[in-house]
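**Student:** Put together the whole structure using the sequences plus the hints.
The sequence shown maps to residues 1 to 60 in full-length UniProt numbering.
To be clear, the hints were calculated from the coordinates, so they are not data collected in a lab.
Wrong hints could be hidden among the right ones.
[To be verified] Label-pair restraints from in silico Cβ distances:
#1 Arg37 to Ala15: 40 to 50 Å
#2 Glu35 to Ala14: 36 to 46 Å
#3 Pro27 to Thr47: 40 to 50 Å
#4 Pro27 to Arg57: 53 to 63 Å
#5 Glu36 to Val56: 38 to 48 Å
Just so you know, these numbers come straight off a predicted model, no measurement behind them.
Even for Gly, the Cβ is constructed at its ideal location relative to N, Cα and C.
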Amino acid sequence: MDDATSQQGSETEAAARRARFGALPEPVRVEDMVEERAVGVPDPARTAYNQDEWMVRYCL
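**Tutor:** Given below as structure tokens:
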């Protein structure tokens, strides 16, 4: 194998490498990595606590 064939082979390989790996992907913004959404629908019956309710249930 002479230098011309070796040179041409490495140039071809370098061109193939550049075509495949030549550019880095675009950076991803932090805003695009995070998704915020509600876990579930709020239940008003769970949050409607009356601290005097136990008195009505157990004392009357």
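**Student:** Evaluate each hint against the coordinates.
**Tutor:** Structure-based check of each hint:
Taking 40 to 50 Å as the suggested C-beta distance range, the pair Arg37 and Ala15 conforms, at roughly 46 Å. Against the hinted window of 36 to 46 Å, the Cβ-Cβ separation of Glu35 and Ala14 comes to about 41 Å, which satisfies the hint. For Pro27 paired with Thr47, a C-beta distance near 42 Å keeps the hint of 40 to 50 Å intact. The hint said 53 to 63 Å for the Cβ distance between Pro27 and Arg57, and at roughly 59 Å that hint holds.
A C-beta distance of roughly 40 Å is found between Glu36 and Val56, which places it inside the suggested range of 38 to 48 Å.
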